[in-house]
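> This is what each chain is made of:
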Amino acid sequence: MHAVYKETFFIEGGDFSRAGAAASRVKQILKEIGLEAQYIKRAVIIAYEAEINVVSYAHRGQMSLAVSPSSIEILVEDTGPGIEDIELAMQEGYSTATDWIREMGFGAGMGLPNIKKNSDQLQIDSKVGSGTRLLAKVHIREPGGKQ
Amino acid sequence: MKLHEVVDALGLKVRCCQDRLDREVGGAYVSDLLSDVMARARAGDLWITLQTHLNIVAVAALNDLAGVVLVNGREPEQGTLSKAQDEGVVLMVSEEPTFEVAGKLYQMGIRGVHGPG
Chain A
19 MHAVYKETFF IEGGDFSRAG AAASRVKQIL KEIGLEAQYI KRAVIIAYEA EINVVSYAHR
79 GQMSLAVSPS SIEILVEDTG PGIEDIELAM QEGYSTATDW IREMGFGAGM GLPNIKKNSD
139 QLQIDSKVGS GTRLLAKVHI REPGGKQ
Chain B
2 MKLHEVVDAL GLKVRCCQDR LDREVGGAYV SDLLSDVMAR ARAGDLWITL QTHLNIVAVA
62 ALNDLAGVVL VNGREPEQGT LSKAQDEGVV LMVSEEPTFE VAGKLYQMGI RGVHGPG
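In the order they appear, the protein sequences are chains A and B. Residues in the first sequence are numbered consecutively from 19, following the working numbering. Residues in the second sequence are numbered consecutively from 2, following the working numbering.
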């Protein structure tokens with residue numbers, strides 16, 4: 019892909035006071051680029067859920083946003099415990115969140131499924147004890163035309 | 002229906018952004034799970050919840066919600082208030098529980114995601 023816009027945001031694990039900041043920047047940038055609302059909404063959901071996952075489970079991570087005329091790419095890489103069973107983690111309702119995280123209304127086992135629903139392509143690689151890499155793509159289709 | 006009409010009809014206390022009550026309310030959504038709101042709420046919706054921590058502000062702002070109604074007289078935390086000021090998110094408090102708030106909104110003609118009309 020030939021990115022016309024690229025930016026990387028840092029995410030601190032465990033810091034819920036800043037959670038959503040990266041997703042908020044993603045939204046702002048995509049709006050400035052002037053993308054259609056449906057693409058922005060999907061990318062923002064992906065960015066927010068991925069950011070919350072880093073905040074909830076990882077030590078730290080970073081999110082890179084790359085936008086081209088044909089796609090929005092969100093790459094999130096973290097240093098942390100990793101995901102033992104990705105297939106299980108993708109199941110709606112499955113979560114390893116602590117009680118404290120659940121009390122805030124997170125950890126309902128909806129994050130990864132939400133990401134999947136809103137992505138045209140999704141790839142998750144994880145190494146237990148090391149970290150997780152998530153790459154999600156949203157395809158931008160020209161109105162009534164080619165992809 | 003404008004947000005200030007809802008505030009008057011339900012006797013809500015506005016804790017942030019009194020100057021933003023002129024907004025049209027497009028619908029409403031009830032949930033205490035943040036991912037659920039991310040997935041289902043639409044821009045212009047009122048969000049009814051018992052969560053009071055500051056992450057509700059990010060969820061409301063990211064989804065361009067009309068405002069957040071905190072139920073059972075639950076007050077926003079200090080961090081929530083200051084973040085709402087920064088982001089311009091309307092926070093309101095109802096003394097009533099979720100069921101009553103939602104019921105009154107429905108009676109006023111406000112509908113949810115799958116509601117008719």
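What the hints contain is simulated information worked out from the structure, not anything from laboratory work. Owing to the predicted nature of the structure, the values given are computational and were not obtained by experimental measurement. Built from N, CA and C at the ideal position, the CB exists for glycine as well. A hint or two may mislead.
[Claimed, not checked] To give an idea of the interface, some chain B residues facing chain A are shown, with a C-beta separation under 8 angstroms as derived from the structure:
id, residue
1, LEU22
2, GLY28
3, VAL31
4, LEU35
5, SER36
6, ALA40
7, LEU63
8, ASN73
9, GLU76
[What the hints assert, rightly or not] Sample of chain A residues facing chain B (criterion: CB under 10 angstroms; computed from the structure):
id, residue
10, GLY32
11, ILE51
12, TYR57
13, LYS59
14, TYR66
15, ILE70
16, TYR112
17, GLY129
18, PRO131
19, LEU140
20, ASP143
21, GLY149
22, ARG151
> The structure should be examined with respect to each hint, and the outcome stated for every one.
Structure-based check of all given hints:
Here the hint on B/LEU22 is broken, as its CB sits about 23 angstroms from the closest CB of chain A, past 8 angstroms. Among the interface hints, the one on B/GLY28 is violated; its C-beta lies about 15 angstroms from the nearest C-beta in chain A, farther than the 8 angstroms criterion. Taken as an interface hint, B/VAL31 does not check out: its beta carbon lies about 12 angstroms from the nearest beta carbon of chain A, beyond 8 angstroms. Contact between B/LEU35 and chain A, as hinted, is supported at the beta carbon level, the nearest pair being about 5 angstroms apart and thus within 8 angstroms.
Taking 8 angstroms as the C-beta cut-off, the interface hint given for B/SER36 holds, the closest approach to chain A being about 4 angstroms. For B/ALA40, the interface hint holds, the least distance from its beta-carbon to any beta-carbon of chain A being 5 angstroms, beneath 8 angstroms. Annotation: B/LEU63 was flagged as interfacial toward chain A, and the flag holds, the nearest CB pair being 5 angstroms apart, inside 8 angstroms. Checking B/ASN73 against chain A by beta carbon gives a least distance of about 15 angstroms; that is not within 8 angstroms, so the hint is violated.
Checking B/GLU76 against chain A: minimum C-beta separation of about 16 angstroms lies over 8 angstroms; hint violated. Because the closest C-beta pair between A/GLY32 and chain B is about 13 angstroms apart, greater than 10 angstroms, the hint is violated. Hint status for A/ILE51 relative to chain B: violated, with the closest Cβ pair at about 17 angstroms, above 10 angstroms. Annotation: interface hint on A/TYR57 violated; nearest CB of chain B at approximately 14 angstroms, more than 10 angstroms.
Using the Cβ-Cβ criterion of 10 angstroms, the hint placing A/LYS59 at the interface with chain B is satisfied: the shortest such distance is roughly 8 angstroms. At a threshold of 10 angstroms, the smallest CB-CB gap from A/TYR66 to chain B is about 6 angstroms, leaving the interface hint in force. Annotation: A/ILE70 was flagged as interfacial toward chain B, and the flag holds, the nearest CB pair being 8 angstroms apart, inside 10 angstroms. The beta carbon of A/TYR112 is not positioned within 10 angstroms of any beta carbon in chain B (closest approach about 13 angstroms), and the interface hint is therefore violated.
For A/GLY129, the interface hint holds, since its Cβ comes within 10 angstroms of a Cβ in chain B; the closest pair sits about 6 angstroms apart. The beta carbon of A/PRO131 comes within 9 angstroms of a beta carbon in chain B, closer than 10 angstroms, and the hint placing it at the interface holds. Proximity of A/LEU140 to chain B is violated relative to the hint, the smallest CB-CB distance being about 16 angstroms (cut-off 10 angstroms). With 10 angstroms as the threshold, the beta carbon of A/ASP143 stays out of range of chain B, its nearest partner Cβ sitting at about 22 angstroms, so the hint is violated.
Interface restraint check: A/GLY149 against chain B, minimum CB-CB distance 22 angstroms, threshold 10 angstroms, status violated. For A/ARG151, the suggested interface contact is broken, since its CB lies about 21 angstroms from the closest CB of chain B, more than 10 angstroms.
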